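Protein chains in written order, with my numbering: chain A, 23 to 173; chain B, 23 to 173.
Since the hints were made in silico from the structure, they are not lab data. Computed from a predicted model, the values in this text were never measured in an experiment. For glycine and all other residues, C-beta sits at the position ideal for the given N, C-alpha and C. Watch out, some of these pointers could steer you wrong.
DMTMM-like mimics (lysine to aspartate or glutamate), calculated; alpha carbons at most 20 Å apart, straight line [said to hold, decoys possible]:
1. B:K56 - B:E113
2. B:K146 - A:D91
3. A:K115 - B:E154
4. A:K55 - B:D169
5. A:K69 - A:D47
6. A:K97 - B:D169
7. B:K115 - A:D122
8. A:K146 - B:D169
Taking CB as the label site, the calculated pair distances span [said to hold, decoys possible]:
9. A:E105 - B:N149: 41 to 51 Å
10. B:P161 - A:E148: 45 to 55 Å
11. B:V153 - A:P161: 44 to 54 Å
12. A:E148 - B:F173: 14 to 24 Å
13. B:P108 - A:A167: 38 to 48 Å
14. B:N109 - A:Q50: 37 to 47 Å
15. B:G171 - A:E148: 15 to 25 Å
Now for the letters of each chain:
There are 2 protein chains.
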Amino acid sequence: MSRYLLTAALPALALLVAQPALAADAAQMEANKKTVAAFYDAVLNQKDFDAASKYLGPRYTQHNPGAADGPEGLKGFVNFLKEKFPNNRSEIKRIFADGDYVIVHVHAVREPGTRGNAIIDIFKLENGKVVEHWDVVQPMPEKPANDNGMF
Amino acid sequence: MSRYLLTAALPALALLVAQPALAADAAQMEANKKTVAAFYDAVLNQKDFDAASKYLGPRYTQHNPGAADGPEGLKGFVNFLKEKFPNNRSEIKRIFADGDYVIVHVHAVREPGTRGNAIIDIFKLENGKVVEHWDVVQPMPEKPANDNGMF
Numbered sequence: 023m024s025r026y027l028l029t030a031a032l033p034a035l036a037l038l039v040a041q042p043a044l045a046a047d048a049a050q051m052e053a054n055k056k057t058v059a060a061f062y063d064a065v066l067n068q069k070d071f072d073a074a075s076k077y078l079g080p081r082y083t084q085h086n087p088g089a090a091d092g093p094e095g096l097k098g099f100v101n102f103l104k105e106k107f108p109n110n111r112s113e114i115k116r117i118f119a120d121g122d123y124v125i126v127h128v129h130a131v132r133e134p135g136t137r138g139n140a141i142i143d144i145f146k147l148e149n150g151k152v153v154e155h156w157d158v159v160q161p162m163p164e165k166p167a168n169d170n171g172m173f
Numbered sequence: 023m024s025r026y027l028l029t030a031a032l033p034a035l036a037l038l039v040a041q042p043a044l045a046a047d048a049a050q051m052e053a054n055k056k057t058v059a060a061f062y063d064a065v066l067n068q069k070d071f072d073a074a075s076k077y078l079g080p081r082y083t084q085h086n087p088g089a090a091d092g093p094e095g096l097k098g099f100v101n102f103l104k105e106k107f108p109n110n111r112s113e114i115k116r117i118f119a120d121g122d123y124v125i126v127h128v129h130a131v132r133e134p135g136t137r138g139n140a141i142i143d144i145f146k147l148e149n150g151k152v153v154e155h156w157d158v159v160q161p162m163p164e165k166p167a168n169d170n171g172m173f
């Protein structure tokens, strides 16, 4: 019996070593998705830099070519949005996570009643905090070549 | 000894039931990344619809608003590219997977020597084959507001 259990236990114990990393990764990626969704809402919908900064790490490396770098750049963007487009609504349609990255597919409407932009953002997180941002932005066309919509 | 091993083995055996799904998912997601990278290269760089269609499922639901729907729409796009932009080069800078989706962050240059476009594509896969596509495309600006680049 003990020999049988030893034989049975060894591969299971090997899994104990190999698999918790996957489970921990999965839990961290779910947490990262929640962090990015809350951060996104604070920046684009609440337009509240203080609320957003709770989710920020020690840096915010900005790759959006229209935005200044760093947390100060983000603060400037939030204030610009609050002043010029107070009714901006950005709705996350899909959210993905892979490793330290979270990706969101977003419909952003700066002025109610306009078609708005399709956006995909990529965020990098370190220790559960947002530290880097890339995005691609495209105005939604009036007459698409197919009936499937951009989302 | 056998009592000790039984105690040690039970949580490990429980993991054997709970974790293989995660491991199988991880392996499928890695396979999906390879499929999308090969599909992307066949469409954008080789411009070879027959090579690309090996990776296609029974449908190709197109959300790019400039492209016609379905495998036939993709064939038309590949032929357009081959004829009008034979030197197009699309380089995948980052690739992510989450569940049935693969996301690529791409620098696409249709004419050598031009700045090109930043693109993020999302592909959905079913049974390891590409069945749906969304993207967002943005021309790279001449004078970005930060020094970090778009990638």
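Tested hints:
Using a Cα cut-off of 20 Å, the hinted pair K56 (chain B) and E113 (chain B) holds, with the two alpha carbons roughly 14 Å apart. Distance restraint check for K146 (chain B) and D91 (chain A): the Cα-Cα separation of roughly 33 Å exceeds the 20 Å cut-off, and the hinted pair is therefore not satisfied. Only pairs whose Cα atoms come within 20 Å are accepted, and K115 (chain A) paired with E154 (chain B) is accepted, the gap being roughly 15 Å. With a C-alpha separation of about 27 Å, the suggested pairing of K55 (chain A) with D169 (chain B) is violated against the 20 Å cut-off.
With a C-alpha separation of about 31 Å, the suggested pair K69 (chain A) and D47 (chain A) falls outside the 20 Å cut-off, and the hint is violated. Restraint check for K97 (chain A) and D169 (chain B): the C-alpha separation of about 18 Å stays at or below 20 Å, so the hint holds. With a CA separation close to 16 Å, the supplied pair K115 (chain B) and D122 (chain A) stays within the 20 Å bound. Proximity of K146 (chain A) to D169 (chain B) is assessed by CA-CA distance (about 18 Å); at most 20 Å being required, the pair is judged to hold.
Here the CB-CB span from E105 (chain A) to N149 (chain B) is close to 50 Å, well matched to the stated 41 to 51 Å. Between P161 (chain B) and E148 (chain A) the beta carbon distance is about 30 Å. The supplied range of 45 to 55 Å is therefore violated. About 27 Å separates the C-beta atoms of V153 (chain B) and P161 (chain A), a value inconsistent with the hinted range of 44 to 54 Å. Taking the beta carbon of each, E148 (chain A) and F173 (chain B) are about 19 Å apart, inside 14 to 24 Å as hinted.
Taking 38 to 48 Å as the suggested C-beta distance range, the pair P108 (chain B) and A167 (chain A) does not conform, at roughly 22 Å. Restraint check, N109 (chain B) to Q50 (chain A): a C-beta distance of roughly 42 Å satisfies the suggested window 37 to 47 Å. Under the hint 15 to 25 Å, the C-beta atoms of G171 (chain B) and E148 (chain A), about 20 Å apart, fit the expected range.
The structure shown violates the earlier hints numbered 2, 4, 5, 10, 11 and 13.
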